[in-house]
Every structure is written in structure tokens, then in C-alpha cells.
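Required output: the full structure, derived from the provided sequences and hints.
Chains as they are written, first to last, in this note's numbering: chain F, -18 to 407; chain R, 77 to 269.
In case anyone wonders, no lab produced these hints; they're calculated from the structure.
Some hints here could point you the wrong way.
Derived EDC-like pairs: lysine to aspartate or glutamate, alpha-carbon spacing no greater than 16 Å straight-line [what the hints assert, rightly or not]:
1. R:Lys248 with F:Asp45
2. F:Lys(-7) with F:Asp3
3. F:Lys202 with R:Glu154
4. R:Lys262 with F:Asp45
5. R:Lys262 with F:Glu46
6. R:Lys177 with R:Glu154
7. F:Lys52 with R:Glu212
8. F:Lys52 with R:Glu213
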Amino acid sequence: MRILKDIPELVKADVITPETADKIRNYYQSKGSASPNQLYIVFAIIGSILVGLGIILMMAHNWDELSRITKTFFAFLPLLLGQILCGYTLIKKQASTTWRESGSVFLFFAVGASIALVGQIYHIPGGTGTFLLTWMLLCLPLVYLMPSSGTSLLYLACLTYYVTHLDFGSSSNSYWYWLLLFGILPHYYQLYRKKPTSNFMIFHNWLIPLSIAIALVTVAKETEELLFIAYCSLFGFFILVGNLDFFAQQKLKNNSYKLIGTLGTMLLLFVLSFNGFWQNVSEELLSNNQIFTAPEWYAAVLITLFAGGLLFFRRRSKALITLPQLEPVFTFFIIIFIIGLFAPIAAGLVNLLILVIGILTMREGAAKSHLGVLNLGLLIITTLILCRFFDTDLSFVIRGLLFVLVGAGFFGANYWLLKKRKTNEQ
Amino acid sequence: MSSKKFIIATFILVALVQLYVPAKMILDQKKILKIGTEFKFKTAPVDPHDPFRGKYITLNYAENEIKVPEKENWITGEPVYVSLAIGKDGFAKIKSVAKEKPGNNVPFVKAKVRYVTDNGSNQLTIDYPFDRFYLEESKAYDAELIYQQLQQDTTQITYALVSINNGNAVIKDVLIRDKSIREVVKANQEKKK
Chain F
-18 MRILKDIPEL
-8 VKADVITPET
2 ADKIRNYYQS
12 KGSASPNQLY
22 IVFAIIGSIL
32 VGLGIILMMA
42 HNWDELSRIT
52 KTFFAFLPLL
62 LGQILCGYTL
72 IKKQASTTWR
82 ESGSVFLFFA
92 VGASIALVGQ
102 IYHIPGGTGT
112 FLLTWMLLCL
122 PLVYLMPSSG
132 TSLLYLACLT
142 YYVTHLDFGS
152 SSNSYWYWLL
162 LFGILPHYYQ
172 LYRKKPTSNF
182 MIFHNWLIPL
192 SIAIALVTVA
202 KETEELLFIA
212 YCSLFGFFIL
222 VGNLDFFAQQ
232 KLKNNSYKLI
242 GTLGTMLLLF
252 VLSFNGFWQN
262 VSEELLSNNQ
272 IFTAPEWYAA
282 VLITLFAGGL
292 LFFRRRSKAL
302 ITLPQLEPVF
312 TFFIIIFIIG
322 LFAPIAAGLV
332 NLLILVIGIL
342 TMREGAAKSH
352 LGVLNLGLLI
362 ITTLILCRFF
372 DTDLSFVIRG
382 LLFVLVGAGF
392 FGANYWLLKK
402 RKTNEQ
Chain R
77 MSSKKFIIAT
87 FILVALVQLY
97 VPAKMILDQK
107 KILKIGTEFK
117 FKTAPVDPHD
127 PFRGKYITLN
137 YAENEIKVPE
147 KENWITGEPV
157 YVSLAIGKDG
167 FAKIKSVAKE
177 KPGNNVPFVK
187 AKVRYVTDNG
197 SNQLTIDYPF
207 DRFYLEESKA
217 YDAELIYQQL
227 QQDTTQITYA
237 LVSINNGNAV
247 IKDVLIRDKS
257 IREVVKANQE
267 KKK
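Structure (C-alpha cells):
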């Protein structure tokens, strides 16, 4: 490490005292001893994943030369090996994260390989969905018994894969997904309490909101229009979570909730800024007398209540002015949605909402003298105008003028901010 | 009991369940194979694959439609009980469909509603659960090709031999001209060499 090499020179030049030099050396020594251990864990997990997947692939070949009994024996072999490995870890190596993680990840795949192979040998009916569900149910306990965060991540990934295999609109449903997702939350909480800054925690922070955002669509049955409310509230909820102190103190790239929430909200608003969706939403929803028993309705209400509750608590602790402007967007959206059921102005209102968000973002960028935020605001407005470019009946001249104006705005705003910075520096 | 002992005891329990589930899958299938009634279902295979379980052929069955009195009663994906009989040609025929389990003296299989036509004919199409037949990686594609060639020749009949017991079904084999599809593919592959 470069700083360690420079220490003698710094001591010689009287920049630091010998005591400070020792302190620095001790600090890096204690830090250094932790890092190779982490590397072992990563290698062990990746190694187990590769071996596990390799076993599944080799078995999937379906060897015709082998008899049924031989094939069945090979189906159980990795499972038994994995169980012995995990049992040994629990008895002798419980303190070692490397053993715990690699053992349970291997067993995770071994369970999958064995039920896949049995299914293949005996032509057991059932699609990928049923197979994944059985697999996940059998492996959830490992997350807690071992305990293993790597298994938890694989479990989440497979669970998300499972939910994408459900048939849309048929009587099959995603209740199992939600149940199994709840199954992993205690582990997530443990992770938050014990290792809030670990990589495992960061990966969970990404995987959980992504998985929920993907799975929510499977709630759709007859009144899928209501899902837009559910999604907007969900993204609003993510933004609110991302703005909690725990996440706000982290680097933006690790604040998955805020990033997913913001991106999702903006995407949703842009999609709904087109008139197409609003044209038949009122006849679809108002003619349907089963709205209040539809799963989409429950999802929308439940998520909005969660988001609303969190918004209420945050507003109590902070003044409205200091709230980042995307936090309350979902409440405005619900109002617009209700207006949209009765009057054909909802698309216009969504456009207005995006414009206000764009302007407020620009204002924030200007106030903080932050070029990135300023240009994000301009980008929002430009995207809005680009969207309108494709669907309105505005004349070419007016559209042309709009583009010139926004383009000039880009130059002007950036120039103004740079100039302001310069005068500040002077 | 100390917490470590408790964890290990629970782990052993989980491990036993992990072993029990695939073992139970095998035993269930074996039981059906042993005591079930055999049916021949005319098929139409194609060759997809599953990332975990390898190559298989999807089996679409010729005998999968029946006229029902009312369209509204049937929801896509809903489970139905299909009572079966053996037709004059020796292949399985649908006798009736019902939402309730039929009596034990009638052979039946648990399936799902695919859809009901709404052009007034009220034809209900059934999704049988035994729609996959796993084959060795190198044989699945050839199996599909052979099937396509045979389709032009109506005298060549492909069918699945299915064992049925108390609503559950297991595929024993897929046969072309009364020969196992595995053998047909193997013979074909050797001929090519």
C-alpha cells in the first residue's frame, strides 16, 4: 500500500509523529486482516455456484446409457454430499463464514439438481414454476439454520424467476411468491442489524425492491389499470425508504431504493403522459362492478397505505420544503387518476406534473450549484417534449420553437450556473 | 437443549425433508406405474428445453376437446377431472369432464382447462399435466424431426403410453409405430452414421 511506503518519509519530514505512524500502520494492519477473508468468502460462494450449476447441467444431459436406478443414485449423491458438508459445518466450522456460505450454496444447488433429476427420470408433470417453488420451499430453512446470506440471495433470485413463470390472468396466482418473500424478510432484518454495511446487505437492498417491482405485475387479473396506482405508490414508497437516514447516508450508487423508486416513478409518469392509456380507463373501471374485490385494488390500497404512512412520519419530522420533490408524487398521481376517471384532462395533468418536477429539479440544481442535478431537470423536460413530439397535433412550427427554446435553456442554464460558480470562487 | 443442538436437530429435520420430497416423488410415480390403468394418447411432439431438467419433448394430445353445455362455468387454468374410456381404435377417449372428483370405478385424470371456444360451439380444451417427456440431449431434436416426417403419413401413429391412478398420471413411454421413440431415434442415428 502506497501510504505505508510513504510513512518513513513523512516521519522524517516531521509531517507526522512516530506515534501517528504506528497508529496508521496498526489501522491498516487490522483492516488488511479482514479483507482476504472476504475474498475467500466470495471465491467460495462463486465456486459453489459454478460446481452446483455444473452438476445440474451434467445431469440435465439425461444419460440414456445409465439405468433408472443408477440415475436415481446420482440424483441423490450431490444432495447427500451437500447435507454432510452442511452438517459438518454446523458441528465443527460454525464460526467460519466461508464454510457456512459455500456449504449452504452447494446444498442449495444440490437440492435443485436432485428434484430436477427425479422429475426428469420419472417424467414428473409440472412446469418450471412448480419445480422452482418446491426447490425454494426446501431451501428456505438453510438461510436461517446455517445462516447464509449467499443462499438468501440465490433464493431471492430464483423466487423472482419463479414469479415470471406464472401465467398471467389465469387462475394461477402469485400468493406463494409473497408468502416466500415474507419468509426472507427476517434474514434481511438480521443483516440490517448485524452487518448494515456489508456487501450482502447491499445486494439484498438491490434484489428485494427489484424483485417486488417485477412481481407486482403478476397481481394483474381483470382490472389491471389499478396496478398503475399500485406501482406509483410502490415507487413512492421506495423513494421514501431511500430517503431514510440509513440509506441517505450511503453513496447514491448503493441507495438502490432511491434509484429504483426515482427511475420507476419517472418512467411511469412518462408512459402515462400519453393519451392512450386514459382514453378507455374510465369505461374499463367504471363499468366494472367488481373493482373493490379485485386483487389489484387490494394491492393499490395496501401499498398506498404503507407509502402514505411513511410519508406522514417523514413530514412530521421535517418541513415540507426540505422534502425531496419526488416523495409526495404518488399522492398527486392518485388524485390525477381519480380525475382521469371523470374528465379527459388526466394526460394533461400528468404532463404538468412532469414539468413541475423538471423545474423543481432544476431549481434544486441551481440552489446547490450542482450541474448534474440541473441537467437532470433539463433532461426531464426534454424527454417530456420528446414524448409530445410523437403524439400531439401541435404544428411543426410550434414544436420547432419548443425545441429551440429548451435547447437554448440548456445552454443558458449551464452557462449561468458556471458563471455563478466562478463569481463564488472569486 | 442448547441452541447449537437445536439448530443441528432442525438441520437434520430439514435434511430429511429434502431427501423425503424427491423420494416421495419417485414412490408416487412408481405406485401409479404399478397399479394404474394404461392409456394410449395420440400426440404431436416438439422439442423445447428446460434449463434445469434438460431436453424434453412437449406432448400435445389429439384427444383434448369436449363439448360442454355452458361456456361461463369454465375458467382458464381451473382444475377439472377428465373421465376416460378406451375407444374402438384402442386409444384414449374423453368420456366427460367435471369439476368434482368422479367415483372410483371410472378411470379419470386431473387436468386443467385451457380455454372454451366462444363461437357458440362451446368446445372445452384440456391441458393434460403429462405434457413432458424427457429425452437425452442428443436425441430430443432428432425425435422432433422424425415426428415431423411422420406427420405427413397418416398411417404412422405417435402416441404416449400413460399410466393413470386416482387422477394422477405418469408417462411410461412415447411410441412411434409401437416402438419407443428412444429406439426409433437411436436406429435413425445409427443409420446416418
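Going down the list of hints, with the structure as the test:
no.	hint	verdict
1	R:Lys248 with F:Asp45	holds (15 Å)
2	F:Lys(-7) with F:Asp3	holds (14 Å)
3	F:Lys202 with R:Glu154	holds (14 Å)
4	R:Lys262 with F:Asp45	holds (10 Å)
5	R:Lys262 with F:Glu46	holds (12 Å)
6	R:Lys177 with R:Glu154	holds (14 Å)
7	F:Lys52 with R:Glu212	holds (12 Å)
8	F:Lys52 with R:Glu213	holds (15 Å)
Going through the hint list in order, the structure satisfies each hint without exception.
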